[in-house]
Structure formats: C-alpha cells, structure tokens
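Colleague: Protein chains in written order, with our numbering: chain A, 1 to 292; chain B, 1 to 292; chain C, 1 to 237; chain D, 1 to 237.
Calculated directly from the structure, the hints in this document are not laboratory data. One should not assume that every hint holds.
What the hints assert, rightly or not - The calculated lysine-lysine pairs, modelled on DSS-like cross-linking and capped at a C-alpha distance of 27 Å, are:
(1) 119/C to 98/C
(2) 215/B to 36/D
(3) 36/C to 165/C
(4) 215/A to 89/C
(5) 168/A to 168/B
(6) 119/C to 215/A
(7) 168/B to 98/D
(8) 98/C to 215/A
(9) 215/A to 165/C
(10) 140/B to 91/B
(11) 61/B to 91/B
(12) 91/B to 119/D
As the list claims (entries may be wrong) - Covered stretches of chain D (chain B as the covering partner; in silico rule of three or more C-beta atoms under 8 Å from a C-beta of chain B):
(13) 98–104
(14) 108–120
Predicted model, so just to flag it, every value in this text is computed and none were measured. All residues carry an ideal CB built from backbone N, CA and C; glycine is no exception.
Spelled out from the first residue to the last, the chains are:
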Amino acid sequence: MIDVCRRALSDFYRHRYLHGVCLFTIALSVFIISAFALFFINAGELMGAWQQGIRITAYLKPDVTKKQAAELATDIEQYAGVASVSYVSGKEGLAWLKEQLGAGSSLLSDLKENPLPDALEIHPAKNMAAMAGADRLAGKIAGFAEVSDVEYAREWMQRFYGIYNLFKVTAFVMAGLVFVAILFIVANTIRLILYSRREEIEITRIIGADEAFIKHPLYLEALMLGSFGGVAGLAMLYGAFFSLMPKLSPEGLLPFFQVRFLPLELVLAILISSMFVGWLGCYFSIRRFLRV
Amino acid sequence: MIDVCRRALSDFYRHRYLHGVCLFTIALSVFIISAFALFFINAGELMGAWQQGIRITAYLKPDVTKKQAAELATDIEQYAGVASVSYVSGKEGLAWLKEQLGAGSSLLSDLKENPLPDALEIHPAKNMAAMAGADRLAGKIAGFAEVSDVEYAREWMQRFYGIYNLFKVTAFVMAGLVFVAILFIVANTIRLILYSRREEIEITRIIGADEAFIKHPLYLEALMLGSFGGVAGLAMLYGAFFSLMPKLSPEGLLPFFQVRFLPLELVLAILISSMFVGWLGCYFSIRRFLRV
Amino acid sequence: MNAIDALDNQIIRFHGVTKHFGETYALRDLTFEVRKNDFLFITGPSGAGKSTLIKLLYMGERMSDGYAIIDGMNLARIGRRQIPQLRRKIGVIFQDFKLIANRTVFQNVALVMEVAGFKSRSVIRQRVEDLLELVGLPHQADAYPPTLSGGEKQRAAVARAMVGKPRIILADEPTASLDPDASERVLQLLRAAHARGATVLITTHDTRLLSRFDARVIYLESGRRVDGPAAAENVND
Amino acid sequence: MNAIDALDNQIIRFHGVTKHFGETYALRDLTFEVRKNDFLFITGPSGAGKSTLIKLLYMGERMSDGYAIIDGMNLARIGRRQIPQLRRKIGVIFQDFKLIANRTVFQNVALVMEVAGFKSRSVIRQRVEDLLELVGLPHQADAYPPTLSGGEKQRAAVARAMVGKPRIILADEPTASLDPDASERVLQLLRAAHARGATVLITTHDTRLLSRFDARVIYLESGRRVDGPAAAENVND
Ligand SMILES: Nc1ncnc2c1ncn2[C@@H]1O[C@H](COP(=O)(O)OP(=O)(O)OP(=O)(O)O)[C@@H](O)[C@H]1O
Ligand SMILES: Nc1ncnc2c1ncn2[C@@H]1O[C@H](COP(=O)(O)OP(=O)(O)OP(=O)(O)O)[C@@H](O)[C@H]1O
Ligand SMILES: [Mg+2]
Ligand SMILES: [Mg+2]
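This is chain A alone, in the form it adopts within the complex:
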C-alpha cells in the first residue's frame, strides 16, 4: 500500500503537466457544479423567505372563545406545511386591512362597527413541498366547526407555487444533466491522460507487471486528482463568492435576505463526488489500456 502511494506520488510528479491540466479541468468542473448548487440553494431559500408574506386566514365563528381559538391554533400547528398560527382579533384585522388598503382605506372609515370576525392567521412552512397542497390545507381548516370561512391569496399562491415547482423541477433536472455532463468531461480528461500514458503502461505490462501493479497507482492518482480538483474548485467558488458578493447585494437590494455559502455537508458531498468521479473516469478508461 505504501508502495502504491509512493508510486502514485512519483507518477503525479512525473506527469505534472498532464496532471496539472487535468486537475485544472476537474477544478473548473467542480466549480461549475458547486456554483449551480450555490445558486439553486440560495434561490430556494430566497423563495422560502419571500413567501413569509403569504398567509391563510381562517375567520372564526362569532361564538368561538379565545380559549377555543387557542386550542384550535395548537391543532392546526401540527399540520404538515404549517409554520405557525397566530390569533388575530377583529380589531387587529381591521387595522391590518386599513393599512393594506392604503389610500383606499378611507372607504372603511364610514363603518359604524367592526364587521371583521376574530381570525387565525396560518403561516405556511418554509418547506414549500408540503405547501403545494395549500388548497387542501385550506379545505381541512374550513372543516373545523369553529371556522366560519377561510381566505387566502389563492391566485397569487398558485402562481407562486407554479413558479416554485417549475423552478425546483428544472433545477433538479438541470443539476442532474450538468452533473452527468461534468462526469463525462472529467472521464474524458482522464481518458486523454491515460491515452498519453499508454506507451508507458504498455511497457510496464510487457516487463511483467500484473494488472494490480498498474491499476492501483492509477486509481490512487485519479482519486488524488478528484480530491485536489474538488478542493481547488470549491476554493475558486469561495473566492469568487466572497469577492463578488459584496458587489452583488448593495444595500437595500434585498435587505431581508442574507445570501449564504454552501453548507458544510454539501461541500463534503461535492468533494466526495469529485473523488468518486475521478475514480469512475479512471475505471471507464483504464480497461481500454489494459487490454492485451
């Protein structure tokens, strides 16, 4: 094993030009993939943050007490897709309505008494998948005896979820396709490297080396290329992120949202995938060069 490592390392040095070029390609590939991930993760979070503004209002029947309302709120909070439930009295509701209507609010000033009932305000969870069934949720809530009516920005939400779903699905599909494309690119590069080294491999076989003797250092080198390339690619992304980020979000552009770098688990996953892709590239190409 030590022997294999030693040989892999000296091969690495011996073919520093080839390996340098390959490492660069892998780094760029990892950069592309992780830039994608960074973009989609932040876009997803952004949409999550944005939907905070969306809520379902359940108007309560006039005879429902505060205590009953609180119990109901606790029940609803258990539902999938519900982040929090808050109680809004009729007075608060009217104030909110006036604020929302802005200039049009003058038309409410004529009211002699507050016609708005007490209500529960249901905030959907950030987890949007569960919210795709906002209709279903609203239906369920309407089923409670205490609830007189349920109201939410149906059209807006539908559009929002439409976009969100399309975004999510295409993001997954894109990420998948790009990942496969990158995998082939890395495999191709390793293929070209082994092609350049085919004479050396052939001579080594001819002087009596068995497959293991030849393959093990090559696999190790591919793993090294994958991991170094992965680290370099992520470092490039990190550098680009922290040098461009301040310029991207000038004050006020998006005050309520903080763009974040990739989470640690994903960084690790990318590194491991990168090593795996290196290994896989080697695996696919090596057969060609080990045939008699």
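Based on the hints, put chains B, C and D with the ligands in the right spot on chain A.
Modeller: Chains B, C and D with the ligands in isolation, oriented as in the chain A frame:
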C-alpha cells in the same frame, strides 16, 4: 487552402479517438452553457409573465372627467416601464375589491355609497429593468394634477424586484463564470490533444515544415471540433428539452406560461462562440508545441 | 538421452507455429526446441520474423496457429492472469529498446525489480547500480532515455533485461547500435548470464557475431525456418 | 586551390563548435569542413557525439559555442523563420527513425514532399512509390510504422530522407538495423545520391563500412575530434 483542408480532414480521421473524446467534451460544454441559457431565459420570461398580476393604481380626483382620464392614460403609457394603462371606474373598483377580499367582503356590504374614486390601473412592462424604479414611477404619477392618490403593493413589489435583480445579477455573474470555466475546459482538452500529438508535430517540423504548414490544419481542426461540438451539444440540449419538457410541466402546473427553446440568434451565437473557443484553445496551446 | 529427458530439458518448444497479421505472414509453421541453458542465435534478413518470434515468446502477440510451450506453460492456453508470471521469467532486450521516456535510466531498470516484488529500496539501488556499471552507463543513471545516445539506450535496455536475473533472456539485436567495444561488453554479460544457468536467445544480422560463437543458429527467411547452409550463403555474400 | 576557392567549395564548415547539455559535453571544440559533393564518414564509440553533430547540422539543437556555416547559412545567427528553409535542403536518416506512428509509410515519406511544397498528388505518389521500391519496401507502403520490423523502419527512414532530393544527406547509422543485403542496397542509394551531386555524411560504428569505402573519415571520441590512427586502433580491436 484546399491543401490545408485536405490535411485537416485526414488528421481528423487519423486522430479519431482523440478528436472523438475532444468533440464529446466540447459538446458537453456547449450543452452545459446552453442549458444555463435556456434556464435563465425562461426564468426571466416567467418572472415577466408573473408580474402581470402587479399593478399601480392611481386614484383620480372626483372632478376628473372620463376624457381627461383617457388623455392622462395616454400620457402615462409613454413612460418607460409601463406596459398598459386601463381606466377603472369606482364601481368596477369596488367589485374588484370585494372579489379580492373574498369572505371578508361582507364588511363592504354595509356601505351606503361607493367611497371608491375612479382610477387608472397601470400595468408595468415585462421589461423589468425599467420597473426597478417603480417608486419613481409612482412618484411621477402622483405628480399629475388629476391624481389624488397612488397605491401599489409596495412591499410585495420591492421584494419581487429584489429577487428579480438578485436573480438577474447572479445569473449574469454565473453565466460569465461558467463561460470562462467552459472556455478553460475546452482549452485544456485541446491542450491535451496537442500534447498527445507533440511527437508528430515535432517530426513534421524537423523534416522542414514551417509554422504555417503545421498551424493551419491544427487551427482548422480546432474550428471543426468547435463547430461539430457546438452542433452536437445543442442537439443534446434540444433532445433533452423535448423529451423532458412534457414531463416537466404537467397540466396546470404553470398554465399561463409556455417554456420555450433557445431563440435562433442565441443558437447561432453559441455555435460561433464554440468555434471561437476551439480556435482560442488551439491558439493558447499551440505555442508550447511550436517552440524550438 | 531418451524422450522424457529431452522434454524435461526443453525450456522452449515451438511446434508448427504460425503468426500472421491480416494477409502478412510473419512466421509460418515454425518448429524448434531450446534446451535449458542453451545459447542460441536466430538470424535472417530484415522482415524474416525474428522479432515476431520474440514477441510470441513474451506474449506480446498471440500466435495464430500451432502450439508453444515455455518453461512448462502452454502459450496457446495461458490465461490473462498468468501472462505476468511468464514475463517475469523472461528478460527481453527489445529491438526498439522500449524505455519509458519520462523515467530516468535508473527508474527504468529499477521498475523490473519493483514489478518482480522487490520492496527494499537499498537492494534495488545496489543491484541497478551494479548493472549500469556493467553495461558502462554509471553516469547516465539519472538521464532520461530521450537524451541518451542510441548506444546508451541499447545498453540501458540490456541492463533492464538482466536486472531481474531472468531464467530466459531474449535479446533482439542487442548490439545493433553499439560500437565493437560496447558490443563485446554486452556479449560478455550475456555469456555470464548463460554461465549462471540462463537460457539465452539472440537475434542478429551481424554475421561476425555468428562466426565468433560456436553456438546453435536458427535461420529464418520470410517467416520460414531454412537450413543452415542455404541461409549461410545468404548471410555471407 | 586558393582560399577563396576553398570557401566557395565548402558546404559545411564547423569552427570550434561546442555543445553541452548541462554538465555533459557532447561535442568539444570541433572544427572540420565538408566540401560540396563530399562523401564523409563520422565514427567513434557510443556516446562520442556523432548524433549530436547531426542534430546541430539540422538545427535540432543549437550549438553552445563556436560557429558553423551550412550552405551559406550561419547556424549561430539563423532566425526561427529560416530554420525550415535549411531543413528542406537536408535529408536526415535519424538513428531512431522518427517516423510518425499514425501515418502509413507512404504518408510518412510523402510528407516531406508536401512540406517542400509539391502539390500534385500524382507526382508525389510516383516519386514515393519509386523510392519505396528502391529501398525494398513496396509492399509496406500502407503499413503503419509500429507494425514494421526494425529493418523496415530503417528503410522507410532512408526513403523519407532521400525523397526530397536534398543537397545534403545526413545518415545517422543508416545500416544499423539492416542485414548485409539491405545494407548494400541503402549504401548504393547513398552513393547514387552522391553521384547526382549530393553531399553525404554518414555516421557509423560499422568498421566494415569504413574499410569498404575510400572516403574521408572523422573520428570522434568523447566529443573531441581525434586523429585517424589513434581512433583506428580503437575501432579495429
Ligand atoms: N503488428 C504487425 N502488423 C502487421 N505486420 C507486422 C506486424 N508486426 C510485424 N509485421 C510484419 O511481419 C514481418 C516480420 O517482422 P519482424 O519484426 O519479425 O521482422 P524481423 O525479422 O525482426 O526484421 P528486422 O531484422 O528488420 O528487425 C515484417 O514484414 C513486418 O512488417
Ligand atoms: N538532450 C541531451 N541531454 C543531455 N545529454 C545528451 C543529450 N543528447 C545527447 N546527450 C549526451 O551527449 C553524448 C553524445 O550523444 P550522441 O547521441 O551524440 O552520441 P553518439 O555518438 O550518437 O552515440 P551512439 O553511437 O551511441 O549513437 C551522450 O553521452 C549523450 O548522453
Ligand atoms: Mg526485428
Ligand atoms: Mg547516435
């Protein structure tokens, strides 16, 4: 020239393995870039389509006649960032408000007279860039003598434009970075190919070939690789698009939006860039192999 | 010597071996035996099939027809996994040297020992340095093959073929690029290996070599074995 | 012959040429002239610097010191753009053949003519086929160099060096891989070129070649030119 073509073609055949691998890599690279473009273009269009729901309402003073209102509408329509302006009478406005409030509309049924003034509804243009200054637009409209008050979903729009801007800027930055990464990947691949061919190049020089004799077919091959690779990459995207698209938008997911393939000009631009990148890759690598 | 003794003594046995590449027949119906510790020359004009014969022996190519046995292994039926074992018994001096371009001479020679499973760096170093000394390349140990002169490459190839102390040495034109002095040195090395018990098979078109040794000679012409005298005529004209 | 005549007649002139690679001196203070239409041998033991001398002549390497003039071009001052012109005047048979592996023998030989600017496919075909016939490789025209035997590669290299009818032929061990028959053929070709007016410079360690020709011989040892007799001793032992 015919001679150069002939030599380039026979080289192409001679090195079919190397060129096949390279062509594959370029195709994948073009695929990635154009998938990106496809995604961002459609995402941009989608956001444009979505914002149709957003409007600025300019309430008119009670003494403004319908004719004056129509003139004002024509004026406002000239503004940058305005798609269309429509006249909404107070009655229509109330009906709309009732509809919007849904269950809560009961509180409007107590009204003895319609307190809503006539209004102009201003729909922002699809061209969002101009709309980033919605505030400014609203301010301008408020400046008209005929307008009593301007109202729009300020918070929502701000969030929307915040997202849109972030999306746009990051999309540009991402596209730029990915383009550069792809450029380097293609250059690296061509570098590896020339590396594999360095002995052949060296021998050709030694038997008396001048730089032009060696370089011209190589450049031509790089251009061919770039263009064939570009066509193959776009074909891959086209195939993926039309095989996946029906599955991506099941009925109702996004009824108001039609995802489209890349426009023809962009397809051509991608092809030309791909050829250019091939040429550039050759240009960067060839010097190393033409040194004495 | 009875038949069984003869078989016991045979380290290489070719029977009706044919090798063709598409339409080109490099060897036709070749039959010969080599006894253990033999010292044998194979000669014939350019393109006669000498190198092809050597390629078949180390399984660089598979024969098209016939059968061959080397040191108890049947080449027609040998599995992929056994080829390395066979090759480690054989030291080959290739006509085109087959040195790895981006390894130094030392590393090229040492590689045979690494392949053979030697682990100790110092043992390898000692043996490789000894051999480079013997072939007259002590100062080129750290040179890369492309920077060597033709003769130096050939001597490096000789060192590599001998470093593993193989039981069989196949030398394909081992002195073609060498001046008389260096040739003499290489032949002494081959003779020393022979004295140690190795079987040595040398291809050559150097008629002086043939006349200086009282060794068995196999004559090839267009892939066929021909009789000594007829071929001798050919060689000595 | 007066001095000006002598200069006029000189096609190659080396004066105090030194070539070293790092610490290794391949040639030291070498001075010699070659007259037009000379037939010259360069000999010496392995590593003496023969191939390096040839490399300097076709500018495969630049000299470290001294000056050299070939056919009116000063090698010390020649620009990058002029090197191809120089090379097209010279046909080189390389010791390691330098055939392009993925071009057929025909294409390898034809390449020289393409490089020299011949456009007509039929002219090229005719001349290349003639030369392959002359070196005895008519059937290998469509073979790739890695499938050729050692001697066949060498003959392909000979054909390539001669196909452009160069004014100067540099032959680095042109018969090392050849049997006596084929050697004779190659030498006849070189003599024919000489008869046509070409200047021929052959490196060799084949003492038989030297004794068969009544040609000028330059002896090298460790990169230095040595006197004939001293070297002769060396060669003939
Ligand atoms: N891989 C191959 N494909 C096609 N033909 C081949 C191949 N290898 C060898 N040959 C042909 O087989 C014949 C014998 O080749 P071989 O190398 O055995 O000759 P040789 O006796 O070693 O000649 P030399 O003395 O010139 O080295 C030659 O004509 C050669 O062209
Ligand atoms: N590029 C190089 N780098 C380092 N050393 C070199 C290089 N080229 C040649 N040498 C050294 O210069 C010396 C002369 O080499 P050269 O090839 O000229 O010898 P030669 O006379 O042709 O020998 P041979 O008869 O063996 O071919 C050798 O010791 C060789 O190792
Ligand atoms: Mg041979
Ligand atoms: Mg030499």
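Colleague: Are the hints correct? Go through all of them and say.
Modeller: Cross-check of the supplied hints:
Restraint check for residue 119/C and residue 98/C: the C-alpha separation of about 24 Å stays at or below 27 Å, so the hint holds. This hinted pair does not check out: residue 215/B and residue 36/D have alpha carbons roughly 35 Å apart, beyond 27 Å. The straight-line distance between the Cα atoms of residue 36/C and residue 165/C is roughly 15 Å, inside the 27 Å bound, and the hint therefore holds. In summary, the hint linking residue 215/A to residue 89/C is supported, as the alpha carbons are separated by about 22 Å, within the 27 Å threshold.
Between residue 168/A and residue 168/B the alpha-carbon distance is near 18 Å, which keeps this suggested pair within the 27 Å criterion. A threshold of 27 Å between alpha carbons decides the hint, and for residue 119/C with residue 215/A the separation of about 18 Å falls inside it, so the pair holds. Taking the CA atoms of residue 168/B and residue 98/D, the gap is about 56 Å. The hint is violated against a cut of 27 Å. For a cut-off of 27 Å, the pair hint linking residue 98/C to residue 215/A stands: about 20 Å separates their Cα positions.
For the suggested pair residue 215/A and residue 165/C, the alpha carbons sit about 25 Å apart, so the restraint of at most 27 Å is met. The hinted pair formed by residue 140/B and residue 91/B meets the criterion: a straight-line CA distance of about 26 Å does not exceed 27 Å. A distance of roughly 15 Å separates the Cα atoms of residue 61/B and residue 91/B; the hinted pair therefore holds under the 27 Å criterion. For the given pair, residue 91/B sits about 88 Å from residue 119/D by alpha-carbon distance, which is inconsistent with the 27 Å threshold.
Look at the stretch 98–104 of chain D against chain B: 6 of its residues bring a Cβ nearer than 8 Å to a Cβ of that chain, three or more, so the hint holds. Counting residues of the stretch 108–120 of chain D whose beta carbon lies closer than 8 Å to any beta carbon of chain B gives 6, which reaches the threshold of three, so the coverage claim holds.
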